[in-house]
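Guided by the hints, dock chains B, C and D onto chain A, whose structure is given.
As a plain string of letters, each chain reads:
There are 4 protein chains.
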Amino acid sequence: MIDFQHVLDTIHQTAQKTDDRGKIADYIPELAKVDKYKFGIHLVNMNQENFSAGDSNERFSIQSISKVFTLTMALGLIGEKLWTRVDVEPSGDPFNHLSLLEFEKGIPRNPFINPGAIVVADVLISHLKNPKDEFLAFVRNIADDETIDYNSTVAASEKQTGFHNYAAANLLKSFKNLENDVETVLDFYFHQCSLTMSCAQLANTFYLYINNGRCRRKNTHLTSGQVKRINALMLTCGFYDEAGEFAFEVGLPGKSGVGGGIVALHPNKFCVATWSPGLNEKGNSKLGMLALEKLTTETELSIF
Amino acid sequence: MIDFQHVLDTIHQTAQKTDDRGKIADYIPELAKVDKYKFGIHLVNMNQENFSAGDSNERFSIQSISKVFTLTMALGLIGEKLWTRVDVEPSGDPFNHLSLLEFEKGIPRNPFINPGAIVVADVLISHLKNPKDEFLAFVRNIADDETIDYNSTVAASEKQTGFHNYAAANLLKSFKNLENDVETVLDFYFHQCSLTMSCAQLANTFYLYINNGRCRRKNTHLTSGQVKRINALMLTCGFYDEAGEFAFEVGLPGKSGVGGGIVALHPNKFCVATWSPGLNEKGNSKLGMLALEKLTTETELSIF
Amino acid sequence: MIDFQHVLDTIHQTAQKTDDRGKIADYIPELAKVDKYKFGIHLVNMNQENFSAGDSNERFSIQSISKVFTLTMALGLIGEKLWTRVDVEPSGDPFNHLSLLEFEKGIPRNPFINPGAIVVADVLISHLKNPKDEFLAFVRNIADDETIDYNSTVAASEKQTGFHNYAAANLLKSFKNLENDVETVLDFYFHQCSLTMSCAQLANTFYLYINNGRCRRKNTHLTSGQVKRINALMLTCGFYDEAGEFAFEVGLPGKSGVGGGIVALHPNKFCVATWSPGLNEKGNSKLGMLALEKLTTETELSIF
Amino acid sequence: MIDFQHVLDTIHQTAQKTDDRGKIADYIPELAKVDKYKFGIHLVNMNQENFSAGDSNERFSIQSISKVFTLTMALGLIGEKLWTRVDVEPSGDPFNHLSLLEFEKGIPRNPFINPGAIVVADVLISHLKNPKDEFLAFVRNIADDETIDYNSTVAASEKQTGFHNYAAANLLKSFKNLENDVETVLDFYFHQCSLTMSCAQLANTFYLYINNGRCRRKNTHLTSGQVKRINALMLTCGFYDEAGEFAFEVGLPGKSGVGGGIVALHPNKFCVATWSPGLNEKGNSKLGMLALEKLTTETELSIF
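Protein chains in written order, with my numbering: chain A, 471 to 774; chain B, 471 to 774; chain C, 471 to 774; chain D, 471 to 774.
Only chain A is shown next, with the shape it has when bound in the complex (with noise of 0.2 Å):
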């Protein structure tokens, strides 16, 4: 049986020597504000069993992360209905998503790259009654933790300087792919990208997509298929531009976000968090990515 915990505090003591941490993301402002220094990492097993290292209850913004949530709730508002308006290819491209937008005639490449979340959140909108209090009540429920909230200081300085996510919702607005306004769809997009979590929080939420669609309060949220689906997407689709590289390196579906978190898991096995601020040139923590190789190169237990 694999000693967890010996290999948490393994890549916490590799990580604390690693001087190179990659860059913080410096686009929105109150994000560049985070000590470059932080590192956590927090897993769970099936038996809900928890292993941690390093700043592993330190909140910060999950971001692209809650790009999972909205679409796990979005389905299960209108189930595959959804795919009409969303594909789940990945993107490929690293420098014209919104001219791939253009050429597709307004259907996002997959959920995960910005204008696929914000047909996502538009999903939310038109199905909810107050959607942010909804959302946010639907993310407590499947974390079974009744503390987790949005940030209103980092929503209101995304809004000031997300003129590109603008351009995407605006564009969507052309082809007809948003049915509520741009600013109501990016309100709550920018208040789902707000979403404060720790690493333990976090590896504890994503124990439903685990433990085929049952979270930790045992409620099912999806079916397995469902779950099955949105593991697929997270593995070809939840690395930005790097998503062929973190299956290729190590082997696991999972998601990033520019706050630096990044969440992996094994079906039926574990899921884990990691945090380290720095990105690398892609958008992924530097550190995120290195201990995540090094975890399921150490215990053999990529999907692969």
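Be a bit skeptical, because a hint or two may be false.
The list makes no distinction among identical chains, and a pair is therefore deemed to hold if it is satisfied within one copy or across any two copies.
[Claimed, not checked] Pairs of lysine-lysine residues, derived as DSSO-like cross-links and limited to a Cα-Cα distance of at most 30 Å, are as follows:
{"hint": "1", "residue 1": "K575", "residue 2": "K646"}
{"hint": "2", "residue 1": "K551", "residue 2": "K756"}
{"hint": "3", "residue 1": "K688", "residue 2": "K508"}
{"hint": "4", "residue 1": "K506", "residue 2": "K646"}
{"hint": "5", "residue 1": "K739", "residue 2": "K508"}
Derived by calculation from the structure, the hints in this document are not laboratory data. Keep in mind that this is a model prediction, so the values were computed, not measured.
The following block gives chains B, C and D in isolation, referenced to the frame of chain A:
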């Protein structure tokens, strides 16, 4: 000597017999109300003799033709510095104007595609106290006609459906190639496009570009080098993705608008304006293109 | 325990009732001659127990499935140095494979798109004395089957119509990412694609990839890290522009060929090969995709 | 009246003082041997008066300038049918000529980009018995000069390194827009590009395009409509990705070649040829561009 009146009459008669008038632009609801069977043409020569046929005094929405006037005013204000913010090359590509903007890091291909004209509008706003008033005064001056005005209903109609322009402006903003805020710039832009003029007014306003930069009121607005450049730009970029075709078939610099207007000119010889609201699949007036091709074929007055 | 034979029989029966079989690849004249109503499936588990249904022993042209074998051999020869000449990211874009190659300066997106496989072939040619003979011997070895052979008629047929591959190889050459001359490389490439194998042979040859790199003859050809990476690549890039869809619907690493074959595998559990010559619009076997989706849905044996 | 000799002398003196001559094309080894400090200019007016300065009688490789001659001959052979196989729009995009070809299904943007010129060469081969001989005779005829010839060393040099042209030709073939085989077409194409002419010869050969299609020997090769169209194409597409810039700065139709030659013309007024082997980053002669800009600025003889 060419009998222009006879040529225009012949063109008008041919136009009246043409059933296939193309398709009126319907993405701006206000424009969709125009009578498709209107046709006007007006020509002014160097001696300021006027020739006309059809609905040449009926006013219509000049739309993108206004981009020539904003470019002229911007060159007057900041001169060649303008070219650090917008390029002078044809856009070529029909399907991905925003992607080119992404690829080329926020520098629009030329001042006659929408993103380029939005940058030019931004320049005017930065350098004028009352941009809408001063621009209107400028157009009235070069037109020698104080009755020219905006159509605020058309401007409001475009604002409500102009999501693609909002996408472009936000993308420019994300690349820091927009100094003013998106709403201010687009409010100006939608107003400039809503200018309402007749063929007679347009032809006389463009007199400046065949007369070395000197308008009908004998004010000099451009150096002869600047006139040469604006005319060159009209030739290479004045007709969306059909610029090559227009140069090839008509052989004159010109500019079209989705309201169905086209202005074309022969330096030191004449300017001519046509109007027919139905567009071809490239977004240029169907009958206008045919009329101008007929004009240069019959008179052998192309610049080539 | 899963009764694989029963599952395969059910799949076979469903297949036989399916009228819409897609369209046989006709751009290679020799392939167009195959009977569209063939269907075979074969599964091998970790204990090397074999299960089959339909035309599982009939040989067909494996085409792109051969790219997994050349990649395996190249990794054995030059190891991770290979990744300086070819990337590991999904290609994403359906319409511009050559343009991506231009844009990314001659580095193909991954070893399973044609330009990537041509680079891998070039590596083999540079490192082998008799490339075609040695590669064939390699495949026979991992297959534990000396009857496997090239089909020189198919190879010749592809050579005569393979203009797109000639374009790709010349483009690679222009970027100096091809060491040998175009004719030599493509002669090898067309031969590797012409390999003729049955579902039974394919499933047994892929045993290596579920068994940590150890083939049926108990030779170890790959480290477990390399196996993980090849399997990850099959998942993210194995199905042309439908890789996301296959991961999403089937949830297994795999590789398809335009001859109508598909191989998929579950590490440490089983490999399965299907054959049905009719293709869907993305170029993957229509019935093969359905069969594998049924297999993982019924057995719940996806890796996710 | 303009003193052309004085203007050319001034331009020549300025050129001699210019140190930064750009970079000689080195991808064709044979071209790389030319002396970078050569400079010639030659002008012919409507009365066939000749003016020259510098190395105006030294012969160089005309390269892409030959595309104007093949286009002229092809129009004479099959007329406007040519435009079903090649378009007349600027290519715009600097980075993906082959991708545009893929996207637009094998129809090159215009006859002056390489794929377009390869299609024109294919037309000549299909309609001539001895294509290379007959094309050479045609050029000698419009040049009124029997000493013009191919340089077979240059043609052979291009063949050995012309992988990008091989890629283009094969791509055209894959789209069925090439009737003859790739080798035959490229052999012709490399020969047409290897034509060796002086500025004096080029200017006199282009007399046809300022004289309504009638060459120096008084044979009429083109209708005045065809001349108009070729001149329009030179203006919109004659300078690779710098066509807009050339129209903007110089304001004349023209064509450049990587051998350092440029020809430009003013219909019914004059043609002028320059030669300076160093190229700017867009592949056009650096000093040639400056010389022509000076010429039209000083004489105010642009077509705009």
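Structure-based check of all given hints:
1. Taking the shortest Cα distances, K575 and K646 sit within 30 Å of each other both inside one copy (9 Å) and across copies (26 Å).
2. In this homomeric assembly, K551 and K756 come within 30 Å of each other (Cα to Cα) only across copies, at 22 Å, whereas the closest approach inside a single copy is 36 Å.
3. With identical chains, the CA atoms of K688 and K508 are never at most 30 Å apart, being 33 Å at best within one copy and 47 Å at best between copies.
4. For a Cα distance limit of 30 Å, the shortest separation of K506 from K646 across copies, 27 Å, qualifies, whereas the shortest one inside one copy, 41 Å, does not.
5. Taking the shortest alpha-carbon separations for K739 and K508, only the intra-copy value of 27 Å comes in at or below 30 Å, while the best inter-copy value is 40 Å.
When held up to the earlier numbered hints, the structure conflicts with hint 3 and nothing else.
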